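Build the full structure now, drawing on both the sequences and the hints.
There are 2 protein chains.
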Amino acid sequence: MDRFVNKYNMSLLTDFYELTMAQVYFEKNMNGNAVFNFFIRPTKNRNYFLNAGIELLIDYLLNVKFTEEDIDFLYKTGKFKDDFLDYLRYFRFSGNLYAVDEGEIVFANEPIIQIEAPIIEAQIVETFLINTIQISILVATKALRCYSVAKNTMLVDFGLRRAHGTDAGMIAARSSYIAGFVGTSNVLAGKVYGIPIYGTMAHSFIMAHDNEEEAFENFASVYPENTVFLVDTYDTINGVKNAVKVAKKLGIRIKGVRLDSGDILHLSKEARKILDENGFKDAIIFVSGGINEYKIKELMEKNAPVNGFGVGTELVTSADLPYLDCAYKLVEYDGKPAMKLSRKKITVPYKKQFYRIYRQGKIYKDIITHFDETVEDGVKMLNLYIENGRLVKKLPTLKEIRELTLINFEKLPQTFKSINQYMTLTPELSNRLIKATEELQHRLKKS
Amino acid sequence: MDRFVNKYNMSLLTDFYELTMAQVYFEKNMNGNAVFNFFIRPTKNRNYFLNAGIELLIDYLLNVKFTEEDIDFLYKTGKFKDDFLDYLRYFRFSGNLYAVDEGEIVFANEPIIQIEAPIIEAQIVETFLINTIQISILVATKALRCYSVAKNTMLVDFGLRRAHGTDAGMIAARSSYIAGFVGTSNVLAGKVYGIPIYGTMAHSFIMAHDNEEEAFENFASVYPENTVFLVDTYDTINGVKNAVKVAKKLGIRIKGVRLDSGDILHLSKEARKILDENGFKDAIIFVSGGINEYKIKELMEKNAPVNGFGVGTELVTSADLPYLDCAYKLVEYDGKPAMKLSRKKITVPYKKQFYRIYRQGKIYKDIITHFDETVEDGVKMLNLYIENGRLVKKLPTLKEIRELTLINFEKLPQTFKSINQYMTLTPELSNRLIKATEELQHRLKKS
Chain A
1 MDRFVNKYNM SLLTDFYELT MAQVYFEKNM NGNAVFNFFI RPTKNRNYFL
51 NAGIELLIDY LLNVKFTEED IDFLYKTGKF KDDFLDYLRY FRFSGNLYAV
101 DEGEIVFANE PIIQIEAPII EAQIVETFLI NTIQISILVA TKALRCYSVA
151 KNTMLVDFGL RRAHGTDAGM IAARSSYIAG FVGTSNVLAG KVYGIPIYGT
201 MAHSFIMAHD NEEEAFENFA SVYPENTVFL VDTYDTINGV KNAVKVAKKL
251 GIRIKGVRLD SGDILHLSKE ARKILDENGF KDAIIFVSGG INEYKIKELM
301 EKNAPVNGFG VGTELVTSAD LPYLDCAYKL VEYDGKPAMK LSRKKITVPY
351 KKQFYRIYRQ GKIYKDIITH FDETVEDGVK MLNLYIENGR LVKKLPTLKE
401 IRELTLINFE KLPQTFKSIN QYMTLTPELS NRLIKATEEL QHRLKKS
Chain B
1 MDRFVNKYNM SLLTDFYELT MAQVYFEKNM NGNAVFNFFI RPTKNRNYFL
51 NAGIELLIDY LLNVKFTEED IDFLYKTGKF KDDFLDYLRY FRFSGNLYAV
101 DEGEIVFANE PIIQIEAPII EAQIVETFLI NTIQISILVA TKALRCYSVA
151 KNTMLVDFGL RRAHGTDAGM IAARSSYIAG FVGTSNVLAG KVYGIPIYGT
201 MAHSFIMAHD NEEEAFENFA SVYPENTVFL VDTYDTINGV KNAVKVAKKL
251 GIRIKGVRLD SGDILHLSKE ARKILDENGF KDAIIFVSGG INEYKIKELM
301 EKNAPVNGFG VGTELVTSAD LPYLDCAYKL VEYDGKPAMK LSRKKITVPY
351 KKQFYRIYRQ GKIYKDIITH FDETVEDGVK MLNLYIENGR LVKKLPTLKE
401 IRELTLINFE KLPQTFKSIN QYMTLTPELS NRLIKATEEL QHRLKKS
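Chains A and B are the protein sequences, given in the same order. Counting in our numbering, the first sequence runs from 1 upward without gaps. Counting in our numbering, the second sequence runs from 1 upward without gaps.
No lab work stands behind these hints, which were simulated from the structure alone. One thing to keep in mind: the hints can contain errors.
One copy or two, either will do: identical chains are not told apart, so a pair holds if it fits within one copy or between any two.
Claimed, not checked - Subject to a maximum C-alpha distance of 27 Å in a straight line, what follows is the list of computed DSSO-like cross-link-like pairs (lysine-lysine):
(1) Lys44 / Lys295
(2) Lys269 / Lys445
(3) Lys365 / Lys255
(4) Lys245 / Lys445
(5) Lys79 / Lys249
(6) Lys446 / Lys273
(7) Lys255 / Lys79
(8) Lys151 / Lys281
(9) Lys44 / Lys255
(10) Lys81 / Lys273
(11) Lys380 / Lys435
(12) Lys297 / Lys245
(13) Lys241 / Lys336
Remember, it's a predicted structure, so these values are computed and weren't measured experimentally.
Here it is as structure tokens:
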């Protein structure tokens, strides 16, 4: 698969302090192994999260390096010494990446990613890691919420234009696809990721013609098998009638009509009636315009005859939760546990593993443990992807990840699937981890 | 200046329908000149917007083209014919770009960008245009709101890790800088845009050491002139005392301390006292952690002795307004006006100009006109940047844009500067434009 990320040199896409701290570690000969955990703190807006973006992170970790141009820029800041810049010249990620598979459902406070590497490396990769994983999970989760209420309708990512920049547009297409969407309007995502691409026509297309009928006829004569008529530019019902008129005139089938505004429940029923009465029973009704999981749910519950939704802005910006309270925390350095005491945000120290226990095919309990503990009947959730800087696990295709998501979603207890009520799973800590955490806390408070 | 965007081939970063519509236009020999307007619809969350991102758009328009690889991908979709793909081989943006200068303040419903080009070109560039301009304006506006209440404190963009992907991180650094921020933590933005870069140290740095004092000493011995001590890992007040202890031991000045949690009003006062009592009157107090314009305002009003803020997540995601209700609408095609009637979202047709009238140095009135109208004492707001595909206006440096912003901000009436109360300027339409709009509306309803 063609990879999107590594076409750019992202080594400097990092916070300045990562590099100044690195120089201090370098000068003080402090480059022992560090273990960092990436996790999400609880938020009432989400009962679960869909893990995503791991492949993009892997791609970065396998390719990150500093070019001479980068080194030159750092030199000119006047903040770095020659021997450290020499070190950066040969910088590679030589550590380990443990991660939950993409397409797995995760919960707050679970270590989704665990980096184990010389501390300079583990620190420099922090910024990109959070930058890429946060938006991947945000959109994947929002998309899965849409999927969870969409019944048998098809969902398409229409959000590229409203995503926060080009990279977010690419990630949104990728994350929504693995969360059960059938495709995207983003052509580049089609090329780079092989995601099916979809599109209809724009209002401007209708407006550029003298009238709607002429516009429909022009489009349908070029795409006789593939026209979804946008019917709401002037008057929706009249638009549906014009689509019928043009299809009959050209002797073609109507692939579908798109409603982008107005009272969708009412208009979709009227449109269905007109299409059916005229023998276009296969024509789909596709809906867009400010769609989110709440609107999909309402329309489905009211039996709106809608066959598909284009979900845009609210999906790609994760509008009701535009960021995660997530963190990448040091939990071990040089064999010693580490934790922060400030505020209520206490982190759990030690390199970890985490296990999932199923009962009757449903997720029953998650247990976070020391890395070397085992849990009977528990499925190991953190998998080793990169070992000593090398990829050691075959990456699934996006299609395989998508299938995994849909299987996993079946295993999520119904109570957690609500999009309105907060009901989540809180992972347990193993006894050994609880005891060790308390001991360290006690020790740090005394010191 | 090194440009960030044009290193990547963004031609396919477009919605699929832009290309299928293009093929229809191509086959039907419909490639007359089209005029599109980009504008923002009113939102109660913002009284004004800071225009930003125009240079990034220009960079794209001057460089967009389809590679053989792109053409090959499109061919394989089976949706495009050879003669159209041949057309795409030689595709360039050959039209005109009119835009409001970056660093100007704009209001809802104003045409911020006007594209005039053969309709295929004007349509294909739509997706990138909205994608890049929306996030640029969102962050610039949020940043200016922070600046508006920050008095003389320095503001630094700390948001890279929480931005939606890499491109958003770059745009956030750029947009916040031109809105009055002094710099960014994003090293790549320092290299690419020449924005000053800032950083302190992370909690992990403290935690990797046996104790805070040792961590401080290690950092300060490498950066004796430049250490901002992060003091809240274990106990903030004790952290400040440790910073003082280390500085005295090493015989260095304290550049500053950073507070990242807790009751900032109280802690900043305590920290100031300790620093002053120990002769570190020049040491700055820098605050981060969930900062936004509301928190800055509150701390400033209570006279918290804070010298600077690191603004992250809420800035780069524009958390209280994660997207703009913005649009790119066809207003003229082939010399004829165009407008949409559906919903309440009626657009104003015709190629436009827009003028700003000042009274006593303050923005008094904005008037949107036909392109060829003039307004006495009005300052023309739409400037021609690209003519027939060529750059015809010298682009300002980011520093110049930043200066322009700060001058323009002085011209904004005080009433509009509130971050809590909705009070905005509604642009007027010229009489000629009102009349012409009504006529067209009437004509379309009849037809």
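Hints, one by one, checked against the model:
Proximity of Lys44 to Lys295 under the C-alpha cut-off of 27 Å is found in both arrangements, the shortest distances being 20 Å within a copy and 22 Å between copies. Taking identical chains as interchangeable, the C-alpha atoms of Lys269 and Lys445 lie at most 27 Å apart only when they sit on different chains, with a minimum of 24 Å there against 66 Å within one chain. In this assembly of identical chains, Lys365 and Lys255 lie within 27 Å of each other by CA distance neither inside one copy nor across copies; the values are 46 Å within and 49 Å between. For the identical chains of this complex, Lys245 and Lys445 are inter-copy neighbours only, at 20 Å across copies versus 79 Å inside a copy, given an alpha-carbon limit of 27 Å.
For the identical chains of this complex, Lys79 and Lys249 are inter-copy neighbours only, at 23 Å across copies versus 73 Å inside a copy, given an alpha-carbon limit of 27 Å. When the C-alpha separation of Lys446 and Lys273 is checked against a cutoff of 27 Å, the pair qualifies only between copies, where the shortest distance is 26 Å, while the shortest distance within a copy is 75 Å. In this assembly of identical chains, the alpha carbons of Lys255 and Lys79 lie at most 27 Å apart only when taken from different copies (15 Å versus 62 Å within one copy). For a Cα distance limit of 27 Å, the shortest separation of Lys151 from Lys281 inside one copy, 20 Å, qualifies, whereas the shortest one across copies, 64 Å, does not.
Within a single copy, Lys44 and Lys255 get their C-alpha atoms no closer than 41 Å, and across copies no closer than 40 Å, so neither meets the 27 Å cut-off. Proximity of Lys81 and Lys273 under a CA criterion of 27 Å is satisfied in neither setting, with 75 Å inside one chain copy and 35 Å between copies. For a Cα distance limit of 27 Å, the shortest separation of Lys380 from Lys435 inside one copy, 22 Å, qualifies, whereas the shortest one across copies, 70 Å, does not. Taking identical chains as interchangeable, the C-alpha atoms of Lys297 and Lys245 are never at most 27 Å apart, the minima being 32 Å within one chain and 60 Å between chains.
Taking the shortest Cα distances, Lys241 and Lys336 sit within 27 Å of each other only across copies (26 Å), while inside one copy they are farther apart (73 Å).
Going down the numbered hints, you'll see the structure goes against 3, 9, 10, 12, while the others check out.
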